[in-house]
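Given the structure of chain G, go ahead and fit chain B onto it with the hints provided.
Going line by line, the protein sequences match chains G and B.
For the numbering used here, add 720 to where a residue sits in the first sequence, where the first one is 1.
For the numbering used here, add 1 to where a residue sits in the second sequence, where the first one is 1.
Heads up, a few of these hints could be off.
Said to hold, decoys possible - Taking lysine-lysine pairs in the PhoX-like style, the calculated list, with each CA pair at most 20 Å apart, reads:
{"hint": "1", "chain 1": "B", "residue 1": "K258", "chain 2": "B", "residue 2": "K183"}
{"hint": "2", "chain 1": "G", "residue 1": "K747", "chain 2": "G", "residue 2": "K783"}
{"hint": "3", "chain 1": "B", "residue 1": "K47", "chain 2": "B", "residue 2": "K37"}
{"hint": "4", "chain 1": "G", "residue 1": "K849", "chain 2": "B", "residue 2": "K103"}
{"hint": "5", "chain 1": "G", "residue 1": "K804", "chain 2": "G", "residue 2": "K783"}
{"hint": "6", "chain 1": "G", "residue 1": "K793", "chain 2": "G", "residue 2": "K758"}
{"hint": "7", "chain 1": "B", "residue 1": "K248", "chain 2": "B", "residue 2": "K124"}
{"hint": "8", "chain 1": "B", "residue 1": "K25", "chain 2": "G", "residue 2": "K849"}
{"hint": "9", "chain 1": "B", "residue 1": "K25", "chain 2": "B", "residue 2": "K37"}
{"hint": "10", "chain 1": "G", "residue 1": "K747", "chain 2": "G", "residue 2": "K849"}
{"hint": "11", "chain 1": "B", "residue 1": "K102", "chain 2": "G", "residue 2": "K821"}
{"hint": "12", "chain 1": "G", "residue 1": "K790", "chain 2": "G", "residue 2": "K747"}
{"hint": "13", "chain 1": "B", "residue 1": "K103", "chain 2": "G", "residue 2": "K821"}
{"hint": "14", "chain 1": "G", "residue 1": "K783", "chain 2": "G", "residue 2": "K810"}
{"hint": "15", "chain 1": "B", "residue 1": "K258", "chain 2": "G", "residue 2": "K821"}
Read the hints as simulated data drawn from the structure, not as lab findings.
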Amino acid sequence: MENNAVEILLIEDNMNDAELAIRALRKANLSNNLIHLKNGAEALEFLFGTGKFEGRDINNRPKLILLDLKMPKVDGLEVLAQIKANERTKTIPVVVLTSSKEHPDISRAYLLGANSYLVKPVEFDEFAKTITELGFYWLLKNQPHV
Amino acid sequence: MDKKDDSDDLLVANRAIIFQNEEKVKRAAELVASNKEVDELEKRVKERTEDLEAFSYSVSHDLRTPLRAISGYAKILGEDYSTVLDSEGQRLLGEVRNNAKKMGVLIDDLLTFSRLGRKAITKSRVDVNKLIVTVLADIDRGTAAHNAEIVFSDLLPAVADYNLLRQVIANLLSNAIKYSSKKEEPRIVIESERKNGELIYSFSDNGAGFDMQFIDKMFGVFQRLHSDDEFSGTGVGLAIVQRIIHKHDGRVWAQGKEEQGATFFFSLPDIDKNSIVDNQ
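With the rest of the complex left out, here is chain G:
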C-alpha cells in the first residue's frame, strides 16, 4: 500500500480518535487510500522515505494530512514544522486536529504554516460531520498544488 496513491495521511496517537475518524471517513467513502500512523516520528519517516519507510516513493504525496497535536516524542508541531520546512512537502495541506480550543499552540501552528486548525467536537455526530466535511473539501473541492 505504501507506494499506492495515498490520499489521506492521518497522524494520530489516540487509537479511539483514529478509529472514530476513520469510521467517519469510511462512511463518506473517503477512506480508501488512507494511511494511519501512530506517532510523529513514523509520520516523518513516511513523508521523507526514511527509517522503516526507506525506499518509499516520496513523490507519492498525500492530498491531505490530518495531524493531531498532542503526541508523545515528536509532537504535532514538530511534524508540522518539518513538513512546512521541506520543499517537497510544504505544499501538502495540513489540517491540525486537536481536542481543545484552549490550546496555546493555535498561533504557533498557523505561524508554522498550518492550512487549517480544527477542534474535535466531543459529540460524535458533530465530530463525524467535521471530519467528513473537511475530507470532502480537501480531497474533492480544493485544487491541489501541482
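Just chain B now, kept in the frame of chain G:
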C-alpha cells in the same frame, strides 16, 4: 547664649543626624527586604498562573478526549447492532450519549469561566443594537428554533470589551429565550437608560421567573433554580455574566416572580466615549 549652650546644641544636632542616618540605613534595608518580598510574590503569582493555565489545558484536552470516545462508541454500538438492540437498549445508549454531551458543555463552560479571571479587557465603543442582532443570529444558527418576540430599539452604546460583552448578552438572551420557551407568546424586551453615572441595560422576559428569596444563589457557579428536566443548563451562565460585568466595574442584579417573568440588569460605568475607539 554662651559657648556651652552652643556645643550642647551641636551635640544634640549631631546625635539627631546620626540617629537619622541610622534610620535611613534601616529604612533602606527594609525597602530592599520588602522589594525582595514583592518580587517573590510576583514570581509565585506567575507560577500559579502558569500552573492554572497548564491545568485548564489539561482539563479541556484530557477530559474531552475520553468523552468523545464514550459518545462515539455508544453511537457506533447503536448503529452496528441496531438489529440486536431493542428500543430500550437504544434509549439507554441515547442516555449515555446525552450525558457525554452534557459533560462536554460543562467542561467548556467551566473553562470559559476560569479563563475570564486571567483575561485582560480591551474596551472599545460598542453598538449594542448591532451586537444583539449578531448574537441573535448566532442563537438562531445554534440551538433549536424559538418563537420568542424580541423587542429593542435605540439602545445606548456601551464602552466595553466587545467579545466579553457579546458573551454577557448571549448568556442573558439565551436564558430569556430558554425560560420563556414554555409560554404561549414568549416576549423579551431589552432596554437601556443612563442614570447616576451608569449605563443600565435590562433584559425582561415573560417566562418562568424565580422566587426572590433565592436571588443570592442566582449568580453563583453551578447554582440553579430549576432542575435539568424543566430547563437544561449547567449553572455557569450567570456566573460568567457577573464576572465579566464586575471586571468592567459594573453591577448585576435581577428581579422576578415565579411564573411571572424575570428581568436581569447590568450596569457599566458611563465613560467619556470620545476617548475610546469605535468597534462596531
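Against the structure, the hints come out as follows:
With a C-alpha separation of about 16 Å, the suggested pair B/K258 and B/K183 falls inside the 20 Å cut-off, and the hint holds. For the suggested pair G/K747 and G/K783, the alpha carbons sit about 19 Å apart, so the restraint of at most 20 Å is met. The suggested pairing of B/K47 with B/K37 holds, with an alpha-carbon distance near 15 Å, which does not exceed 20 Å. The hinted pair formed by G/K849 and B/K103 meets the criterion: a straight-line CA distance of about 19 Å does not exceed 20 Å.
With a CA separation close to 15 Å, the supplied pair G/K804 and G/K783 stays within the 20 Å bound. Between G/K793 and G/K758 the CA atoms are separated by roughly 11 Å; this keeps the pair inside 20 Å, and the hint holds. As the CA atoms of B/K248 and B/K124 are separated by approximately 11 Å, the hinted pair is consistent with the 20 Å bound. The hinted pair formed by B/K25 and G/K849 fails the criterion: a straight-line CA distance of about 72 Å is larger than 20 Å.
For the hint linking B/K25 to B/K37, the alpha-carbon distance of about 18 Å falls within 20 Å, and the restraint holds. Taken as a hint, the G/K747 and G/K849 pair is honoured in the structure, with Cα atoms around 11 Å apart against an allowance of 20 Å. Distance check on the hinted pair: B/K102 and G/K821 sit about 16 Å apart at the alpha-carbon level, within 20 Å; holds. With a C-alpha separation of about 26 Å, the suggested pair G/K790 and G/K747 falls outside the 20 Å cut-off, and the hint is violated.
In summary, the hint linking B/K103 to G/K821 is supported, as the alpha carbons are separated by about 17 Å, within the 20 Å threshold. Under the criterion of a C-alpha separation no larger than 20 Å, the hint pairing G/K783 with G/K810 is consistent with the structure, at around 12 Å. The suggested pairing of B/K258 with G/K821 is violated, with an alpha-carbon distance near 39 Å, which exceeds 20 Å.
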